[in-house]
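Engineer: Let the hints inform the model, and build the full structure from the sequences given.
Going down the list, the protein sequences come from chains X and V.
Numbering follows the working numbering, with no gaps: position 44 of the first sequence is 44.
Numbering follows the working numbering, with no gaps: position 64 of the second sequence is 64.
Simulated from the structure, these hints should not be mistaken for laboratory data.
Heads up, the beta-carbon is just placed ideally off N, CA and C, and yes, glycines get one too.
Incorrect hints may appear among the rest.
Said to hold, decoys possible - The calculated lysine to aspartate or glutamate pairs, modelled on DMTMM-like cross-linking and capped at a C-alpha distance of 25 Å, are:
#	chain 1	residue 1	chain 2	residue 2
1	V	Lys-71	V	Glu-57
2	X	Lys-55	V	Glu-103
3	V	Lys-71	V	Glu-103
4	V	Lys-44	X	Glu-5
5	V	Lys-51	V	Glu-63
6	X	Lys-68	V	Glu-103
7	V	Lys-44	X	Glu-3
8	V	Lys-62	V	Asp-86
9	X	Lys-53	V	Glu-103
10	X	Lys-54	X	Glu-3
11	V	Lys-51	V	Glu-103
12	V	Lys-27	V	Glu-68
13	X	Lys-53	X	Glu-67
14	X	Lys-68	X	Glu-5
15	V	Lys-44	V	Asp-56
16	X	Lys-53	X	Glu-5
17	X	Lys-54	V	Glu-103
18	X	Lys-55	X	Glu-67
19	X	Lys-55	X	Glu-5
20	X	Lys-68	V	Glu-41
21	V	Lys-27	V	Glu-57
22	V	Lys-51	V	Glu-68
23	V	Lys-62	X	Glu-3
24	X	Lys-68	X	Glu-3
To be verified - Using C-beta positions, here's what the derived DEER-type ranges look like:
#	chain 1	residue 1	chain 2	residue 2	range
25	X	Ser-45	V	His-10	20 to 26 Å
26	V	Thr-115	X	His-56	38 to 44 Å
27	X	Thr-108	V	Pro-61	32 to 38 Å
28	V	Gln-17	X	Lys-53	48 to 54 Å
29	V	Lys-27	X	Ser-50	22 to 28 Å
30	V	Arg-84	X	Gly-57	39 to 45 Å
31	X	Ile-60	V	Gly-16	48 to 54 Å
32	V	Gln-17	X	Glu-17	45 to 51 Å
33	V	Thr-115	X	Asn-22	36 to 42 Å
34	X	Gln-66	V	Asn-53	34 to 40 Å
35	V	Gly-16	X	Gly-57	46 to 52 Å
36	V	Glu-68	X	Asn-64	39 to 45 Å
37	V	Lys-44	X	Glu-67	22 to 28 Å
38	V	Gln-17	X	His-78	39 to 45 Å
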Amino acid sequence: KNEVEQSPQNLTAQEGEFITINCSYSVGISALHWLQQHPGGGIVSLFMLSSGKKKHGRLIATINIQEKHSSLHITASHPRDSAVYICAEGAGGTSYGKLTFGQGTILTVHP
Amino acid sequence: NAGVMQNPRHLVRRRGQEARLRCSPMKGHSHVYWYRQLPEEGLKFMVYLQKENIIDESGMPKERFSAEFPKEGPSILRIQQVVRGDSAAYFCASSPRGTGAYEQYFGPGTRLTVT
Numbered sequence: 001k002n003e004v005e006q007s008p009q010n011l012t013a014q015e016g017e018f019i020t021i022n023c024s025y026s027v028g029i030s031a032l033h034w035l036q037q038h039p040g041g042g043i044v045s046l047f048m049l050s051s052g053k054k055k056h057g058r059l060i061a062t063i064n065i066q067e068k069h070s071s072l073h074i075t076a077s078h079p080r081d082s083a084v085y086i087c088a089e090g091a092g093g094t095s096y097g098k099l100t101f102g103q104g105t106i107l108t109v110h111p
Numbered sequence: 001n002a003g004v005m006q007n008p009r010h011l012v013r014r015r016g017q018e019a020r021l022r023c024s025p026m027k028g029h030s031h032v033y034w035y036r037q038l039p040e041e042g043l044k045f046m047v048y049l050q051k052e053n054i055i056d057e058s059g060m061p062k063e064r065f066s067a068e069f070p071k072e073g074p075s076i077l078r079i080q081q082v083v084r085g086d087s088a089a090y091f092c093a094s095s096p097r098g099t100g101a102y103e104q105y106f107g108p109g110t111r112l113t114v115t
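Structural biologist: In structure tokens form, the structure reads like this:
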């Protein structure tokens, strides 16, 4: 069983819609990472957070440490947001920061 | 500022050949992680290295796979006697520190195809 669970696995939206992707993790972490991967492309780090909320443009990430849950929100979605969004837990201590990844959420935004 | 560089971007090998994947971390980063993404699967940790040291190789297959990060030059992931199941995208990431509280910067990946 994957220690990091994302939902939904697939998400289709119309341009302009508000989008939420959820992530649950099972162990204590140093930080929770949100990544973006375009088809056939590389991986871009969107956020790294260990508490509260972070915002960058139309993207917002929140985390609830007590509930071991994080969400990624996209406001006013656009077709260029279509990508795979991946959350990953960054473990501390003797895990040396290696990331454990969720399966990813495939987002498709239609014009 | 150059980001994390990986080469080659695409590599085709026949079964039984060797594959060498290179990763140059961002300037000033001495911590490198290798991850593998099998077709239709998520990313999985393989190995974590610092300069001249393998710190955690718990995700590496027991045979045929090795990694190094010499004092000078890029980190190398080496796969001997490749098999079709090794076909995957291999990503490296670098970080200024080896803890989960620091951002990791990913390279563009090497797509390995074994024929």
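Engineer: If a hint holds in the structure, say so; if it does not, say that too.
Structural biologist: Against the structure, the hints:
1. A threshold of 25 Å between alpha carbons decides the hint, and for V:Lys-71 with V:Glu-57 the separation of about 19 Å falls inside it, so the pair holds.
2. With a C-alpha separation of about 16 Å, the suggested pairing of X:Lys-55 with V:Glu-103 holds against the 25 Å cut-off.
3. As the CA atoms of V:Lys-71 and V:Glu-103 are separated by approximately 23 Å, the hinted pair is consistent with the 25 Å bound.
4. Simply put, V:Lys-44 and X:Glu-5 have alpha-carbon atoms about 14 Å apart, close enough for the 25 Å limit, and the pair holds.
5. For the proposed pair V:Lys-51 and V:Glu-63, the alpha carbon gap of about 23 Å is at most 25 Å, so the pair holds.
6. Distance hint between X:Lys-68 and V:Glu-103 is fulfilled; the C-alpha atoms sit about 19 Å from each other, no more than 25 Å.
7. Taken as a hint, the V:Lys-44 and X:Glu-3 pair is honoured in the structure, with Cα atoms around 12 Å apart against an allowance of 25 Å.
8. Of the supplied pair hints, the one linking V:Lys-62 and V:Asp-86 holds, its CA atoms being roughly 13 Å apart against a limit of 25 Å.
9. Distance check on the hinted pair: X:Lys-53 and V:Glu-103 sit about 16 Å apart at the alpha-carbon level, within 25 Å; holds.
10. Between X:Lys-54 and X:Glu-3, the direct Cα distance comes to roughly 23 Å. Compliance with the 25 Å bound is thereby established for this hinted pair.
11. A hinted pair counts as satisfied when its Cα atoms are at most 25 Å apart, and V:Lys-51 with V:Glu-103 qualifies at roughly 18 Å.
12. With a C-alpha separation of about 18 Å, the suggested pair V:Lys-27 and V:Glu-68 falls inside the 25 Å cut-off, and the hint holds.
13. Only pairs whose Cα atoms come within 25 Å are accepted, and X:Lys-53 paired with X:Glu-67 is accepted, the gap being roughly 15 Å.
14. This hinted pair checks out: X:Lys-68 and X:Glu-5 have alpha carbons roughly 11 Å apart, not beyond 25 Å.
15. Of the supplied pair hints, the one linking V:Lys-44 and V:Asp-56 holds, its CA atoms being roughly 13 Å apart against a limit of 25 Å.
16. Between X:Lys-53 and X:Glu-5, the direct Cα distance comes to roughly 20 Å. Compliance with the 25 Å bound is thereby established for this hinted pair.
17. A hinted pair counts as satisfied when its Cα atoms are at most 25 Å apart, and X:Lys-54 with V:Glu-103 qualifies at roughly 14 Å.
18. The suggested pairing of X:Lys-55 with X:Glu-67 holds, with an alpha-carbon distance near 21 Å, which does not exceed 25 Å.
19. Proximity of X:Lys-55 to X:Glu-5 is assessed by CA-CA distance (about 22 Å); at most 25 Å being required, the pair is judged to hold.
20. The straight-line distance between the Cα atoms of X:Lys-68 and V:Glu-41 is roughly 23 Å, inside the 25 Å bound, and the hint therefore holds.
21. For the proposed pair V:Lys-27 and V:Glu-57, the alpha carbon gap of about 23 Å is at most 25 Å, so the pair holds.
22. Between V:Lys-51 and V:Glu-68, the direct Cα distance comes to roughly 8 Å. Compliance with the 25 Å bound is thereby established for this hinted pair.
23. Straight-line distance between C-alpha atoms of V:Lys-62 and X:Glu-3 comes to about 23 Å, which keeps the hinted pair within the 25 Å bound.
24. For a cut-off of 25 Å, the pair hint linking X:Lys-68 to X:Glu-3 stands: about 11 Å separates their Cα positions.
25. A beta carbon spacing of about 23 Å between X:Ser-45 and V:His-10 agrees with the range 20 to 26 Å that was offered as a hint.
26. Between V:Thr-115 and X:His-56 the Cβ separation comes to about 42 Å, which falls inside the hinted range of 38 to 44 Å.
27. Taken as a hint, the range 32 to 38 Å holds for the pair X:Thr-108 and V:Pro-61, whose Cβ atoms sit roughly 34 Å apart.
28. Roughly 49 Å separates the CB atoms of V:Gln-17 and X:Lys-53, a value that falls within the hinted 48 to 54 Å.
29. Between V:Lys-27 and X:Ser-50 the beta carbon distance is about 26 Å. The supplied range of 22 to 28 Å therefore holds.
30. In this structure the hint that V:Arg-84 and X:Gly-57 lie 39 to 45 Å apart at CB holds, the actual value being about 42 Å.
31. Remark: the range hint 48 to 54 Å for X:Ile-60 to V:Gly-16 is upheld by a beta-carbon distance near 50 Å.
32. In this structure the hint that V:Gln-17 and X:Glu-17 lie 45 to 51 Å apart at CB holds, the actual value being about 48 Å.
33. Here the CB-CB span from V:Thr-115 to X:Asn-22 is close to 40 Å, well matched to the stated 36 to 42 Å.
34. A C-beta distance of roughly 36 Å is found between X:Gln-66 and V:Asn-53, which places it inside the suggested range of 34 to 40 Å.
35. Here the CB-CB span from V:Gly-16 to X:Gly-57 is close to 48 Å, well matched to the stated 46 to 52 Å.
36. At about 40 Å, the beta-carbon gap between V:Glu-68 and X:Asn-64 stays in the expected band of 39 to 45 Å.
37. Distance hint check: the CB atoms of V:Lys-44 and X:Glu-67 are about 26 Å apart, consistent with the given range 22 to 28 Å.
38. Remark: the range hint 39 to 45 Å for V:Gln-17 to X:His-78 is upheld by a beta-carbon distance near 43 Å.
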